[in-house]
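K.L.:
Read top to bottom, the protein sequences are chains B and Y.
In terms of our numbering, the first sequence has 78 at position 78, counting the first letter as 1, and numbering is strictly consecutive.
In terms of our numbering, the second sequence has 167 at position 167, counting the first letter as 1, and numbering is strictly consecutive.
What the hints contain is simulated information worked out from the structure, not anything from laboratory work.
Being a predicted model, the structure only gives us computed values, none of them experimental.
Heads up, a few of these hints could be off.
Unchecked claim - 16 angstroms max Cα-Cα, derived EDC-like pairs, lysine to aspartate or glutamate:
1. 214(Y) x 236(Y)
2. 88(Y) x 65(B)
3. 43(B) x 77(Y)
4. 89(B) x 106(B)
5. 88(Y) x 106(B)
6. 88(Y) x 61(B)
7. 63(Y) x 111(Y)
8. 27(Y) x 266(Y)
9. 9(B) x 65(B)
10. 155(Y) x 56(Y)
11. 88(Y) x 35(B)
This is what each chain is made of:
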Amino acid sequence: MKILVTALKDDVNEKMDPRFGRARYWYVYDTEKNEGYFIDNSKNMSLDHGAGIQAATSIVDEGVDVLITGSVGPKAFSVLEANNIRIFKGYADLSVKENIEGFNKDELEEIQSAGKPHI
Amino acid sequence: MKVAVISGKGGTGKTTFAINFSKFLSKIGKKVLLADLDVEEPNGNLFFNYPLKYSESYTYIPKLIKENCAYCRECAEKCMFKALAVSKGFWMLFPELCHGCRACEYVCKFEAIAEDKRCIGKIGINEVNNPSFIEGRLNVGEVLTTSLIKDVKKKIKRIEEKYEVVVMDAPPGTSCPVIEVVKDVDKVIVVAEDSPFGFYDFTLIHDLLSELNKDYHLVINKFKDGKEIIPFCDKESINVLAKIPLEKNIAYKYSKGEFALDEYDEVFRDVYNKLIEVEN
Ligand code: SF4
Ligand code: SF4
Chain B
1 MKILVTALKD DVNEKMDPRF GRARYWYVYD TEKNEGYFID NSKNMSLDHG
51 AGIQAATSIV DEGVDVLITG SVGPKAFSVL EANNIRIFKG YADLSVKENI
101 EGFNKDELEE IQSAGKPHI
Chain Y
1 MKVAVISGKG GTGKTTFAIN FSKFLSKIGK KVLLADLDVE EPNGNLFFNY
51 PLKYSESYTY IPKLIKENCA YCRECAEKCM FKALAVSKGF WMLFPELCHG
101 CRACEYVCKF EAIAEDKRCI GKIGINEVNN PSFIEGRLNV GEVLTTSLIK
151 DVKKKIKRIE EKYEVVVMDA PPGTSCPVIE VVKDVDKVIV VAEDSPFGFY
201 DFTLIHDLLS ELNKDYHLVI NKFKDGKEII PFCDKESINV LAKIPLEKNI
251 AYKYSKGEFA LDEYDEVFRD VYNKLIEVEN
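Take these sequences, add in the hints, and give me the full structure.
P.N.:
Given below as structure tokens:
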């Protein structure tokens with residue numbers, strides 16, 4: 001299973017980025033291989049619109065199963081939902097690593113509907 | 001003769017004018033069609049209460065032919081409106097973002113996109129009465145205002161020969177929907193309010209029409225003294241058709257959904273005569 005956490009910096013000990021489409025980095029963690037890698041998301045960050053949809057299709061391509069972030073706009077949400085990607089609400093004041101640990105211990109809440117649109 | 005009645009902003013009395021002017025023309029024996037093109041909020045028929053025959057208005061949307069799709073994303077990349085999301089084995093349209101431009105279908109090399117349609121509103125019509133009446137009514141939350149206006153205008157084209165005068169009540173504002181309305185009419189009447197704000201809104205519509213190279217005629221509503229507007233008209237040589245005084249009864253009758261006829265016959269007769277005068 002692949003878990004994706006939105007991140008402010010390319011360091012798992014730094015905090016989660018609560019933004020989804022416009023997050024600076026994405027950290028993808030593969031539970032089977034027990035290893036992770038960072039993706040630079042700066043090209044999406046600068047999109048003035050459609051960042052959410054772009055981001056959602058990119059993470060579908062990445063083969064992600066679980067997304068941990070702050071909130072997801074309605075369009076991105078429908079793309080993720082249609083691809084059976086589960087979304088969990090992470091804590092912006094915790095690190096990327098702590099958020100993954102929280103998910104593993106079943107402590108994160110699943111997001112069942114979209115947040116405010118960012119258009 | 002096709003006449004568009006427009007104003008920079010709502011609340012200038014544009015609709016009241018369009019309705020009463022149409023009524024007047026029918027009274028003097030002209031065959032008139034009034035078109036309510038304020039499709040986001042058509043309220044012309046509140047005054048007529050005609051039974052309308054409705055038909056639906058559609059716009060193009062793309063439909064995926066799954067077997068053909070290579071998920072190459074060309075369509076999503078070329079869509080100016082970011083209405084498509086494509087990834088491996090996944091293709092999704094956001095209909096509310098789609099402007100029906102067909103670029104996606106055009107760029108697809110795999111013939112994986114076919115034509116589909118989506119209802120954006122309806123068109124209501126009554127051709128029994130004089131004035132006859134046609135309106136566009138946009139679905140709630142729909143953004144394709146101009147598409148629906150185009151569709152109503154297409155319908156008008158098919159029946160306009162039967163009418164001596166077609167009066168089009170345009171949506172308020174200075175954006176695409178208004179441009180769509182004034183594009184191919186013979187005459188444009190701007191209704192402006194005699195107040196500082198009214199004057200400002202009027203200058204916006206004046207600039208727009210100058211840019212479009214469109215001549216127009218002015219009706220000043222709620223006329224008090226024309227302190228700002230009259231010198232402006234003199235300077236720009238604008239043809240003022242009428243100054244309708246600020247009198248309570250117009251507003252009163254409007255609020256009760258009645259017509260402010262008779263007492264304004266002279267005003268409308270004058271407007272009409274001046275309009276044909278300029279025509280000849
Ligand atoms: S361009 Fe055609 S083949 Fe490519 S993703 Fe779009 S629909 Fe599929
Ligand atoms: S028709 Fe135009 S706006 Fe609609 S999805 Fe295709 S490219 Fe985008």
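K.L.:
Each hint: holds or not?
P.N.:
Hint-by-hint comparison with the structure:
no. : hint            : verdict
1   : 214(Y) x 236(Y) : holds, 13 angstroms
2   : 88(Y) x 65(B)   : holds, 14 angstroms
3   : 43(B) x 77(Y)   : holds, 14 angstroms
4   : 89(B) x 106(B)  : holds, 12 angstroms
5   : 88(Y) x 106(B)  : violated, 29 angstroms
6   : 88(Y) x 61(B)   : holds, 6 angstroms
7   : 63(Y) x 111(Y)  : holds, 11 angstroms
8   : 27(Y) x 266(Y)  : holds, 13 angstroms
9   : 9(B) x 65(B)    : violated, 22 angstroms
10  : 155(Y) x 56(Y)  : holds, 12 angstroms
11  : 88(Y) x 35(B)   : violated, 24 angstroms
Against the hints set out earlier in the document, violations occur for numbers 5, 9, 11.
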